[in-house]
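Peer 1: Spelled out from the first residue to the last, the chains are:
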Amino acid sequence: MMPFTRSEVIAIAGALWLTAMSSHSLAADGRALATNGNGKGALPCAACHGAQGEGLPSAGFPRLDGLNGIYIRQQLDDFADGKRANDIMRPIASALSPDERQAVGTFYSRQTAAKAAEPTKADAAAISRGATLATHGDWSKGLPGCNQCHGPDGQGVAGTFPKLAGQNAKYIAEQLKDWQLGKRANDPLHLMTTVSAKLDDDAIAAVAAYYASLPTAPASQQGSAQ
Amino acid sequence: MNDPQYDPKTWAIGVIFLGLAGMIGYMLPRQVTSTNPPQSPSQGATPARANQQPASPQPSGAAAGTNAAAKLTFTPPPDDKIPDNEFGKMVRFGRAVFEDTQHNAKEFIGNALQCSNCHIDGGRLANAAPLWAAFIAFPTYRSKNGHVNTFQERMQGCFIYSMNGKEPPLNDKVLVALESYSYFLATGAPTGANLPGRGYPRLPKPAKLDYAHGQQVYAQKCALCHGPNGQGQSTADGAVVFPPLWGPRSYNWGAGMSSIDAAAGFAKANMPLSEGNTLTDEEAWDAATYIDSQERPQDPRFNGSVAETRKADHDSPFDMYGQTVNGVVLGQKSPPSGPPRSQ
Chain A
1 MMPFTRSEVI AIAGALWLTA MSSHSLAADG RALATNGNGK GALPCAACHG
51 AQGEGLPSAG FPRLDGLNGI YIRQQLDDFA DGKRANDIMR PIASALSPDE
101 RQAVGTFYSR QTAAKAAEPT KADAAAISRG ATLATHGDWS KGLPGCNQCH
151 GPDGQGVAGT FPKLAGQNAK YIAEQLKDWQ LGKRANDPLH LMTTVSAKLD
201 DDAIAAVAAY YASLPTAPAS QQGSAQ
Chain B
1 MNDPQYDPKT WAIGVIFLGL AGMIGYMLPR QVTSTNPPQS PSQGATPARA
51 NQQPASPQPS GAAAGTNAAA KLTFTPPPDD KIPDNEFGKM VRFGRAVFED
101 TQHNAKEFIG NALQCSNCHI DGGRLANAAP LWAAFIAFPT YRSKNGHVNT
151 FQERMQGCFI YSMNGKEPPL NDKVLVALES YSYFLATGAP TGANLPGRGY
201 PRLPKPAKLD YAHGQQVYAQ KCALCHGPNG QGQSTADGAV VFPPLWGPRS
251 YNWGAGMSSI DAAAGFAKAN MPLSEGNTLT DEEAWDAATY IDSQERPQDP
301 RFNGSVAETR KADHDSPFDM YGQTVNGVVL GQKSPPSGPP RSQ
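Heads up: the sequence lines are chains A and B, in that order.
With the first letter of the first sequence counted as 1, position 48 gets the number 48 in our numbering; the numbers rise by one all the way through.
With the first letter of the second sequence counted as 1, position 79 gets the number 79 in our numbering; the numbers rise by one all the way through.
Treat the hints loosely; a few may be bogus.
[Stated by the list, open to error] Derived coverage of chain A by chain B (criterion: at least 3 residues anywhere in the stretch with Cβ under 8 Å from a Cβ of chain B; other residues may be distant):
(1) 94 to 108
(2) 152 to 158
(3) 187 to 193
Because the hints were derived from the structure by calculation, they are not lab data.
For glycine and all other residues, C-beta sits at the position ideal for the given N, C-alpha and C.
Can you build the whole structure from these sequences, using the hints too?
Peer 2: Here's what the structure looks like:
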């Protein structure tokens, strides 16, 4: 009746166990990838985004700590596919496997870095104008407040609407301009394409300065990193 | 019949007189009255601007992108015109209640909504039920409750139905504040006029309401923000960012928005947020049909019989209460209305 002998069953079970163990040990390690890269063309994320994902404001490299992991994974997919045009990120994202992209995303979503300083002190009037746009928008142009989708203080909503609080100003401004130009076109329902078209350069600078001025996380989220 | 006899001459004069009167009346320009439904914005009286400096055309309220509802003729004053006195304090509190109802009127609400979810731009935006247009339309008779309603009573209705809560007592600070804020926004608006942009636009009646198509539209254009099951979305901290459209934390079966025609008009003019007037009429009607065919808190007027409650308060082809959808009679298994008792 039995197609296998007892010893064959033991051998098969053992092989399965070994396979399971080895695949476990090979599961992508987000921290290692962030620190060392993957040795297959993906450079260490930390080289530009900082050891804890704090980013590099002077270069406009975004902070990644506390961003939603699904959002990070989606962006890496989009860099690889070219939906988000970026000459630096495209080869890196392409060199990461789907598992590795998710592992990196999960790793950074759990980090809480100290905020990296902005290279220049923002103008208080710009921050104030940015706060108004972020909160109330400008409905004379059909523009909602950024926070109406990105959440109070730009804390982000799920994997779709990324956290903006504490993000560096150069990065935010560059993204808004990329959406205007169609260089970044991975926004669901074209929401960012639509709203970025309603912003002029001063308004972009204002909202960028405002979000860069905010603390990175509300008090309730501090210390929740694993 | 005891009517006295009239001679033919008197009759003839009377008929001619009435005929002339009718012709003259017909030729006179038509005036918009407050009893008209808010569907002919182009006819509205052109009200004087609010008492502002002419050099400050304020953006709020002059909705770009609402081309379906013609050009607008009223602009509410900007917030920096709120006076720095006791009245101004009340106006500011009213604005705070309006925009963060969850915190500032907590004791009167029983769901996850804010006033400003349906009244966009803090109650300023035309075609999103602006406060300035509503304020000048009261007191008025409402068939919903069969008597003349004051503005405060009308707002009590918002709390009972749209907010699935309970009414603040008349002259409660919450109502006084909301009334003050509305009065401020209506500065310079002509009392009793049916201003263009009032309420939500009325869309041409559809050939049919297509639930299955609505489900597709919802998945493509609504679920991103409102969630696949209409539950809304919150931040990691639990602050509601995208309001629930059905289920126990949404508006109840007595709310205006539970009527498909209201929801369709709102969606057409305003959804997806920032992309108003991009849905076709058909998409707006069908998405609204799908949304308003889901279960939500019970109608507070429920008398124990869904059939009777439908007959009394939901007798409209655009109202799904009491209708059978996917084998379930809507209203039959509704969560109870009102704030949760356990809290």
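Peer 1: Return the numbers of the hints above that this structure violates; sort them in rising order.
Peer 2: Failing hint: just 1.
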